[in-house]
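Line by line, the protein sequences give chains A and B. For any residue, its number in this note's numbering is found by taking its place in the first sequence, counting from 1, and adding 1. For any residue, its number in this note's numbering is found by taking its place in the second sequence, counting from 1, and adding 4.
Source of the hints: derived by calculation from the structure; they are not laboratory data. Please read these numbers as outputs of a predicted model, since none were measured by experiment. Hints should not be assumed to be uniformly reliable.
Sample of chain B residues with no beta-carbon within 10 Å of chain A, all distances over it, derived [claimed, not checked]:
1. I17
2. Q41
3. G63
Which residues of chain B face chain A? A partial, calculated answer using Cβ under 7 Å [as the list claims (entries may be wrong)]:
4. F16
5. E45
6. G46
7. P47
8. L50
9. A82
10. I84
11. Q109
12. G110
Beta carbons: idealized from backbone N, C-alpha and C, even for Gly.
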Amino acid sequence: DTAVSQTPKYLVTQMGNDKSIKCEQNLGHDTMYWYKQDSKKFLKIMFSYNNKELIINETVPNRFSPKSPDKAHLNLHINSLELGDSAVYFCASSQDSPGLGELFFGEGSRLTVL
Amino acid sequence: GQQLNQSPQSMFIQEGEDVSMNCTSSSIFNTWLWYKQDPGEGPVLLIALYKAGELTSNGRLTAQFGITRKDSFLNISASIPSDVGIYFCAGQLSPQGAQKLVFGQGTRLTINP
Numbered sequence: 002d003t004a005v006s007q008t009p010k011y012l013v014t015q016m017g018n019d020k021s022i023k024c025e026q027n028l029g030h031d032t033m034y035w036y037k038q039d040s041k042k043f044l045k046i047m048f049s050y051n052n053k054e055l056i057i058n059e060t061v062p063n064r065f066s067p068k069s070p071d072k073a074h075l076n077l078h079i080n081s082l083e084l085g086d087s088a089v090y091f092c093a094s095s096q097d098s099p100g101l102g103e104l105f106f107g108e109g110s111r112l113t114v115l
Numbered sequence: 005g006q007q008l009n010q011s012p013q014s015m016f017i018q019e020g021e022d023v024s025m026n027c028t029s030s031s032i033f034n035t036w037l038w039y040k041q042d043p044g045e046g047p048v049l050l051i052a053l054y055k056a057g058e059l060t061s062n063g064r065l066t067a068q069f070g071i072t073r074k075d076s077f078l079n080i081s082a083s084i085p086s087d088v089g090i091y092f093c094a095g096q097l098s099p100q101g102a103q104k105l106v107f108g109q110g111t112r113l114t115i116n117p
């Protein structure tokens with residue numbers, strides 16, 4: 002059973018389009034995240050949700066809108082895609098007990114904007 | 005903001021060699037973690053360190069949480085082909101979980117046959 006699963010794994014689209022990436026975790030974790038990994042492999046947090054509530058919203062364009070229908074799901078919708086949005090987007094989850102900071106990542110969704 | 009400097013950026017070694025990489029920060033962290041990313045996969049946690057001075061092993065991997073709380077290192081002994089990948093350090097200040105985890109730039113490990 003996949004712990005953190007995200008779809009699609011690959012996404013190729015034209016500039017200006019709107020696209021969504023879905024994420025689900027079956028670990029019973031309270032917190033979910035979206036990370037962006039650029040071509041240099043740098044991992045940067047975008048959003049964090051705890052029990053459906055937005056906790057972290059880093060400096061991300063308004064074109065990116067996360068949605069958490071329940072604590073097991075966190076989707077990412079991107080409007081008006083730009084070339085610079087091309088990257089691998091990772092969903093992750095964690096159980097945030099004190100002293101526990103361990104993330105479980107999905108396999109990533111590679112977005113290519115043409 | 006908080007930044008982690010991870011070095012080296014890349015390593016090319018022979019199978020069987022030992023590997024050492026480290027991470028330094030300008031800020032104090034309460035938790036240090038080391039992740040490994042295989043090609044086409046998401047990062048996977050290798051070792052988590054929660055106390056300054058802590059030395060923890062996971063098989064051939066050993067990691068330490070620096071006394072100053074501003075650094076950590078990861079050693080891999082007797083490297084094997086499946087050790088190839090990108091290794092990330094990550095630091096966290098908040099005691100309440102993985103929120104605001106800061107990642108290093110990664111160390112890409114290549115093993116020559």
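| Unsatisfied constraints (hint numbers, rising) | 2, 4, 8, 9 and 10
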